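Undergrad: These protein sequences, in sequence, are chains E and W.
If you count the first sequence from 1, position 82 lands on 82 in the numbering used here, and the numbers rise without skipping.
Residues are numbered in the numbering used here as their position in the second sequence, beginning at 1, plus a constant of 1000.
Among the hints, a few may not be true.
Simulated coverage check for chain E against chain W, where a stretch passes if three residues somewhere in it have a Cβ under 8 Å from a Cβ of chain W [said to hold, decoys possible]:
#	stretch
1	138-145
2	216-228
Subject to a maximum C-alpha distance of 16 Å in a straight line, what follows is the list of computed EDC-like cross-link-like pairs (lysine to aspartate or glutamate) [as the list claims (entries may be wrong)]:
#	chain 1	residue 1	chain 2	residue 2
3	E	Lys61	E	Asp36
4	E	Lys130	E	Asp36
5	W	Lys1231	W	Glu1252
6	E	Lys258	W	Glu1252
7	W	Lys1217	E	Glu145
8	W	Lys1247	E	Asp36
9	W	Lys1217	E	Glu127
10	W	Lys1179	E	Glu145
11	E	Lys322	W	Glu1251
12	E	Lys284	W	Glu1252
13	W	Lys1196	W	Glu1080
14	E	Lys199	W	Asp1124
15	E	Lys186	W	Asp1112
16	E	Lys186	W	Glu1168
17	W	Lys1050	W	Asp1124
18	W	Lys1231	W	Glu1244
19	E	Lys311	W	Glu1161
Just so you know, the hints here were simulated from the structure itself, not pulled from any lab data.
All values derive from a computational prediction rather than experimental measurement.
A virtual CB, placed ideally from N, CA and C, is assigned to each residue, including glycine.
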Amino acid sequence: MAKGVWIVAEVRDGAYRKVSFEIASAARKLADELGDEVCAVLCGSGIEGKAAELGKYGVDKVYVADNAALEPYTTDAHAAAVAKIVKEKAPAILLLGASVQGKDLSARLVGKLATGLATDCTALKIEGGKLVAVRPMYAGKCFGEVAFEAAPAMATLRPNVFPIVENAKAGAVEKFDPALDAGQLKTKVAEIAKDTSGKIELTEANIIVSGGRGMKGPENFPLLEELAKVLGAAVGASRAAVDAGWRPATDQVGQTGKTVSPNLYIACGISGAIQHLAGMSSSKFIVAINKDPEAPIFQRADYGIVDDLFKVVPEITTAAKKLLA
Amino acid sequence: MNIIACVKQVPDTETLIKVKPDGSGIVEDGIKWVMNPYDEFGVEEALKLKEKLGGDVTIVSVGPARAMETIRTALAMGAEKGIHIDDPSLNGADAYTTAQALAAAIKGLPCDIIFCGQRAIDGDVGQVGSVLADMLGLPSVTLVTKLEIAGTAVKAQKAIEGATVTIETSLPCVITTQKGLNEPRYASLPGIMKAKKKPVDVKNAAAIGVSAAVKAKVAKTVPPPARAPGKILQGDDPALKAQELVKLLREEAKVI
């Protein structure tokens, strides 16, 4: 019988990505309900020393594969390594972050483990001793409760939704040989071009100030950038602003852009079309500033200001500067 | 070159989604069906590759009878032929089952490259391309925004958080397509007329030798979680409302 709630931790440039702690905490919560153990799989190069750190977030045991072929991440190497240890130990549940890497790796594991995977989950529960994963579908217009017919039941968790809970456990480290066969590794990373603009990555931002069609032109976005600077926020854009060429495609929040889940999302001159909401409805707090009282965004906003954003936004910047000074 | 593009028919993004009261799924009456937008990038890239290097493009789709219309759209864009896998046991099943069906249909065909949309905008699952690749023993690169092919050498670019990664692999492989890869062409009227006569094989599960083995299923479909109603800040003075907002964000929401 499959037992154990496992995670695959994600590291970048030798440090854990925040979602690793989120999935560890979520795994701990499930394991406590099931009376089960939490184990982590950690793959990388020169990574062994970081393994025990996961103990802080409720992980009982960390299986480490330390091999030059595991850094940087490639689908083939990581899928082979994770599949090997998972097949050997047969956990009941396997969680990953719904980051770019997590989604890529988990999908590649579906075939290898002949199992089911619920993508981008916003909630997890145990029903009848088994995992049920809750996830948005149809751009968040409805949600699905996913049940599993195979083990391990896999789920990727949407970043910034599951709380990080410190719960010190052993974090005992055990190395395993990923047994990578060079012939299996058919993809290679040729180049990683880092974004050096100093912009905060939208999918990792705690606060986002976002502009839409109501911004009227690219020359007005510095207004939002000012506010963002004061708040330590990232600047996003709706599809309208991106399609108009005012902001780069990488700034787009929405169904065909990025999915973000900040603590605070400030939507300026954004009407709130369903496709935009799909990208930010996981935000903990939503503020809407729009001249149009009928704008659909007001139905989702926690706080709304029906007024001219060109008058309101500078005042928010002033007030925020005073508060945070 | 033997190019394959997988497509899925999905509800148009403007569709008002209604959940069935018994939670068994969504109401399908009155839905406008379209090609999954991400699959359009795959079909377009397939056609561009054919135009550059010669060969042909085969469209493969798993779906009920109405999915034929989407295959015809891809043929109208310029693909040569199609395979329509239509079986109640496979339609609307999980990624594992869909990939299994696609793999069974594709396995016997000459194939240099397979394009899949990075995800379908109904389920938003985003797994089929990767699972298909694994089942066929092929490398996969997901979320591709730029593709260069020289002989059998493949160079694909994708965005990760805070960086752009260039991955090298070789044909045959599976590429899942992301917005920004290309601008899909519209089907021309002559294209639409020609498409009617292009061959589409319709196969059921038995014909491709697959029996559905669902690994994950949506046991219940529910409306989105309710959000507590928000408050519209009152007054005519933008400065006062802005100040009130900042106060609320600090004291009530505690997010700044």
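Undergrad: Now, for every hint given, state plainly whether the structure supports it.
TA: A quick look at each hint next to the structure:
1. Coverage of the stretch 138-145 of chain E by chain W holds. Counting CB-CB distances below 8 Å, 8 residues qualify, and the rule asks for three or more.
2. For the stretch 216-228 of chain E, the stated coverage by chain W is violated: 0 residues have a C-beta nearer than 8 Å to a C-beta of that chain, whereas at least 3 were required.
3. Among the hinted pairs, Lys61 of chain E with Asp36 of chain E is consistent with the structure: their alpha-carbon atoms are about 12 Å apart, no more than 16 Å.
4. Restraint check: the Cα-Cα separation between Lys130 of chain E and Asp36 of chain E comes to about 12 Å, which is no more than 16 Å; the hinted pair holds.
5. For the hint pairing Lys1231 of chain W with Glu1252 of chain W, the CA-to-CA distance comes to about 12 Å; that is within 16 Å, so the pair holds.
6. The hinted pair formed by Lys258 of chain E and Glu1252 of chain W fails the criterion: a straight-line CA distance of about 28 Å is larger than 16 Å.
7. Our distance criterion of 16 Å between C-alpha atoms is met by Lys1217 of chain W and Glu145 of chain E, whose separation comes to about 8 Å.
8. A hinted pair counts as satisfied when its Cα atoms are at most 16 Å apart, and Lys1247 of chain W with Asp36 of chain E does not qualify at roughly 44 Å.
9. For the given pair, Lys1217 of chain W sits about 15 Å from Glu127 of chain E by alpha-carbon distance, which is consistent with the 16 Å threshold.
10. For the given pair, Lys1179 of chain W sits about 28 Å from Glu145 of chain E by alpha-carbon distance, which is inconsistent with the 16 Å threshold.
11. Proximity of Lys322 of chain E to Glu1251 of chain W is assessed by CA-CA distance (about 15 Å); at most 16 Å being required, the pair is judged to hold.
12. The hinted pair formed by Lys284 of chain E and Glu1252 of chain W meets the criterion: a straight-line CA distance of about 13 Å does not exceed 16 Å.
13. Taking the CA atoms of Lys1196 of chain W and Glu1080 of chain W, the gap is near 11 Å; set against the 16 Å cutoff, the hint holds.
14. Distance check on the hinted pair: Lys199 of chain E and Asp1124 of chain W sit about 27 Å apart at the alpha-carbon level, beyond 16 Å; violated.
15. Between Lys186 of chain E and Asp1112 of chain W, the direct Cα distance comes to roughly 15 Å. Compliance with the 16 Å bound is thereby established for this hinted pair.
16. Among the hinted pairs, Lys186 of chain E with Glu1168 of chain W is consistent with the structure: their alpha-carbon atoms are about 8 Å apart, no more than 16 Å.
17. Between Lys1050 of chain W and Asp1124 of chain W, the direct Cα distance comes to roughly 29 Å. Violation of the 16 Å bound is thereby established for this hinted pair.
18. A threshold of 16 Å between alpha carbons decides the hint, and for Lys1231 of chain W with Glu1244 of chain W the separation of about 12 Å falls inside it, so the pair holds.
19. For the hint linking Lys311 of chain E to Glu1161 of chain W, the alpha-carbon distance of about 34 Å lies beyond 16 Å, and the restraint is violated.
Violated hints, listed in ascending order, are 2, 6, 8, 10, 14, 17 and 19; each of the other numbered hints is respected by the structure.
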